[in-house]
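Peer 1: Using the sequences and the hints given, assemble the complete structure.
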Amino acid sequence: MVERVELKVGLFLLISLLLIGSAVVYVAYRKGVFTKEYIFTLSSKSGEDLTEGMPVVFSGFKIGVVSQLELTEDGSVFIKIKIPEKHIRWIRSDSTFIVNKPIIGQARIVVVTENLQSPLLSPEQIPEVTNVSDIKETITKVQPLLDKVTKIASHVEKLTAGISDPEGNVQKSLAHIERFTANFSQKKTLLEMAVSDREAIEAVQGALKQTKDLTEGLENLLAKIDKTVEKTDAVLVGEEGIMPTVLSSLRDILSKLKKLDTTIDNINKISTEASRASEDLKVLRAELDDAVEAIGELAREIEKKIPFKEKPEIKLP
Amino acid sequence: MKRRGIIFIYLFILSCSVAKPIPDWLSVSVSSIESYKKYYLSGRTEMAERQFTRALLEAKKTGNPEILARLYLIKMAVTSATLEELETKEYERLNALAPSPINETYFAFLSGNLTAADERFLPDQYRSFFKAVKERKNPISLREEIEKIDEPLSALIAVSVLTRLHLEDEAILKRAIEISSAQGWERPLLAYLRRIKGYYEQRNEGKKAKLIEKQINLLEQ
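From first to last, the protein sequence lines stand for chains A and B.
Quick note on the numbering used here: the first sequence kicks off at 1009 and runs consecutively.
Quick note on the numbering used here: the second sequence kicks off at 2 and runs consecutively.
These are computed hints drawn from the structure, not numbers from a lab.
All C-beta atoms in this analysis are idealised placements derived from N, C-alpha and C, irrespective of residue type, glycine included.
This list has only true hints and no planted wrong ones.
Below, computed lysine-lysine pairings styled on PhoX-like, alpha-carbon distance capped at 20 Å: (1) B:K138 / B:K175; (2) B:K198 / B:K215; (3) B:K38 / A:K1323; (4) A:K1088 / A:K1053; (5) B:K211 / B:K198; (6) B:K208 / B:K198; (7) A:K1070 / A:K1088; (8) B:K149 / B:K138; (9) A:K1323 / B:K39; (10) B:K61 / A:K1323; (11) A:K1044 / A:K1094; (12) A:K1323 / B:K62.
To list a few chain A residues with every Cβ distance to chain B over 12 Å, as calculated: (13) L1015; (14) V1073; (15) Q1076.
Negatives, chain A to chain B, calculated, CB over 12 Å: (16) L1021; (17) I1023; (18) K1044.
Peer 2: The following block contains the structure:
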C-alpha cells in the first residue's frame, strides 16, 4: 500500500517536473534561445545614444539587439549586433543603419534595406551607422547658404535695375559704347543684353524663388525631424524623404546658379569698359563661385548620407 | 612577431571591408563631365570647356592616367558625335602611361578602326551595332541597330562611326538629325544637317539640299 502511494507521489513529481521542464523549453524556444544567432559589427564615430541591449529594427519590427559596444584605438565605436538566423535576410551588404533616438521611447538602430537581392552582409564588413542628429546638422547648414544665394541673386537684380535706370552710373558709363546702343533700345535689362536671351534672367528669378521656397520648407523639415516620434526610414531617406527633398532642391538651385556663370562672365567683359561697375562685379563673381562650391559641397555631403545611392562612375558614352 | 602579423592581417581585412563613402573627386568629376557633355552638345563651348577642366583637375588628384585618358576619350566621343575631327594627342599620351583594353577598344571603335576593337571591352550598348558593322550588313540593318541604342548620345556616336566608315545613308543621317533635334542639341544638329546637305548635293538632289540649307540658316540666325 505504502509502495503504491510512493509510486503515485513519484509519478506526480516526475510529471510535474516534465511539465515545468517542457514549459521552460517551450518558452525558451519561443524566445529564440535555441536559434542560431549571427553577430555583425557596425561602426560609429561616437557612442552617443548607443547602449547595449538597444533594439535593432527593420520596418518597425525588432530583429535583433546591440550585444556589445567597444571603443577602438582611433576613438570610434564598434557596435556588435546580434541577429537571429531567421532575420539575417534583412541584413544585406548594402543595408544602411541609422541610429534613431525618438523624443519618446528607446533609441534603436533602424535597418534600411532596399534591395533584398543583394548579398548578405559579411561578418567582416563593418558599415558605418548614420546618426539622425548628423542629418539635422547637415540640413541646418543649408540655411546660411540660402542666405548667400539670396544675396547674390539680389545683387544681380540690383545691378539689373541699375542698368535700366537711365540716370544710373553704369548706364551712363556704357552709354557711349556704340555697339551696345542697339541692345539698350531693344532689351530691357543688362542680363538680357549680356546673354541676348532670357535664360539667365529666368535663372536668377528661378534661383530666388527656389531659395525662398526652400527657406520656408526647411523650417518645416527641421521641425519634422524634431517632432516626428517615428523617424522611419521613409521619413528620412525614402523617395520623398527629408534628405532627397533637400538634395533635389539644392541641385536645382545649383544648376540655376551655374547658368549665371555665363551671365556674370559676359557682364565682366562689358564692365571692363565701365570701370565703376567692375569692382562690384568681381565681388559678385567671387560670391557666385563661392556659393556654387559651397552648395555643391553640401549636396555631396547629403548625397553621402543617402543610402543606396549608386556609386558614380566615369562611364564611356 | 606573430602578434604583429595578426594585427597586420586584421588591419588588412578591416581596410578591405569598411564601407567607403564616395570620394569627392569622383562625384565632382562625374557631375562635371556630365555637364561638359550637355554644354558642348548644346553649343556652349566656353561653359563646356570649364566643366571639362574641372573634371580633369579633380581626376588628376588620383594620379591615375587611365582615368584621365578616359575623360579625354569621353571628350573625343562627344566631339565625334558632332562629326568633328578627333583630337587624339592627349589621350594617346596618357594611354601610353597606363594602357587599358577598355579605353583602347573604345578609341579604336571611335576612330572607325574596327579590326583593332575587341567586342568584349566595348560598352554594352554598342555590341550588337558593332557586330552588324563588322559583318558589313546592309544600311537597313545598320539603321535598325542604331534605333536599338536607347541613349541619344551613344546613338549619335554610332552614326558618327558609320560616317567615318562611309557607311551612312539618307535614313541614318535623318535619324541623327531627329535625335539631335529632339534633345535640343544644336551642335550635332547643325553638323548632321550640313552632312545630309552634302549627301544630297553629291547625288544631284538640289531641291532637297536647298531645303536643308534653309533649315541651317534658320538655326544660324
